[in-house]
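Trainee: Each residue of the sequence shown is one higher than the one before, starting from 39 at the first, in this note's numbering.
The hints are simulated quantities; they were obtained by calculation from the structure and are not laboratory data.
Treat the hints with caution; some may be incorrect.
[As the list claims (entries may be wrong)] Label-pair restraints from in silico Cβ distances:
| no. | residue 1 | residue 2 | range |
| --- | --- | --- | --- |
| 1 | Gly174 | Pro114 | 29 to 39 Å |
| 2 | Pro82 | Thr196 | 17 to 27 Å |
| 3 | Ala151 | Gly174 | 10 to 20 Å |
| 4 | Pro47 | Gly67 | 16 to 26 Å |
| 5 | Ala148 | Val109 | 24 to 34 Å |
| 6 | Leu112 | Ala55 | 30 to 40 Å |
| 7 | Asp48 | Gly174 | 34 to 44 Å |
| 8 | Leu145 | Leu112 | 12 to 22 Å |
| 9 | Gly79 | Pro118 | 36 to 46 Å |
| 10 | Gly67 | Gly175 | 37 to 47 Å |
| 11 | Gly185 | Arg150 | 13 to 23 Å |
Since the structure is predicted, the reported quantities are computational estimates derived from the model, not experimental observations.
We put the beta carbon where it would ideally sit given N, CA and C, even for glycine.
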Amino acid sequence: MPAKEAIVPDEFDAIFAAPFGALGVRTEGDFFSEILFLPPGTKPVAPKNALAARAGTQLDAYLVNPKAHFVLPLKPAGTPFQRNVWQAITTISPGTTLSYGEIARNLQSAPRAVGQACGRNPYPVVVPCHRVIGAGGLGGFANARDGYLLDTKRWLLTHEGAL
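Could you build all of it, start to finish, from the sequences and the hints given here?
Mentor: Structure (structure tokens):
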């Protein structure tokens with residue numbers, strides 16, 4: 039596992055506290071460009087712009103009600119295959135999971151490729167990659183196999199009633 043990088047609050051347009059740690063939000067112009075799961079103990083940072091505030095309002099709504107919907111202008115990202123995987127993930131309802139293999143079969147691909155696309159998802163929670171699990175268990179999350187990121191996946195799935 040790579041060395042843990044220090045969190046630089048100025049690199050985010052907002053950092054929102056969450057029950058599992060924090061959510062770092064980045065925007066670019068009129069687009070929501072990235073969300074990152076940050077470890078427990080990360081200090082919140084007030085939104086620096088209206089779009090970051092809007093993201094915070096919607097993230098807060100989700101943390102209260104897992105059926106809350108996101109309506110954010112997402113910056114185009116990823117390869118065509120990754121975008122297909124992310125689109126497939128957005129169809130998974132709260133409280134429901136699909137395996138990497140199930141998504142791979144639907145896209146005529148391989149489970150590992152689906153897992154790699156999930157790991158590169160720039161919009162977790164909004165594009166709910168936590169709802170994608172391994173055939174024999176949780177699988178990884180945000181390119182991690184343990185630690186606070188896997189704890190975050192467990193929290194999100196429990197919050198939605200899938201665990």
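Trainee: Confirm or reject each hint.
Mentor: Outcome of the hint check:
no.: 1; hint: Gly174 - Pro114: 29 to 39 Å; in the structure: 34 Å, holds
no.: 2; hint: Pro82 - Thr196: 17 to 27 Å; in the structure: 23 Å, holds
no.: 3; hint: Ala151 - Gly174: 10 to 20 Å; in the structure: 18 Å, holds
no.: 4; hint: Pro47 - Gly67: 16 to 26 Å; in the structure: 21 Å, holds
no.: 5; hint: Ala148 - Val109: 24 to 34 Å; in the structure: 32 Å, holds
no.: 6; hint: Leu112 - Ala55: 30 to 40 Å; in the structure: 23 Å, violated
no.: 7; hint: Asp48 - Gly174: 34 to 44 Å; in the structure: 41 Å, holds
no.: 8; hint: Leu145 - Leu112: 12 to 22 Å; in the structure: 20 Å, holds
no.: 9; hint: Gly79 - Pro118: 36 to 46 Å; in the structure: 38 Å, holds
no.: 10; hint: Gly67 - Gly175: 37 to 47 Å; in the structure: 40 Å, holds
no.: 11; hint: Gly185 - Arg150: 13 to 23 Å; in the structure: 21 Å, holds
Going down the numbered hints, you'll see the structure goes against just number 6.
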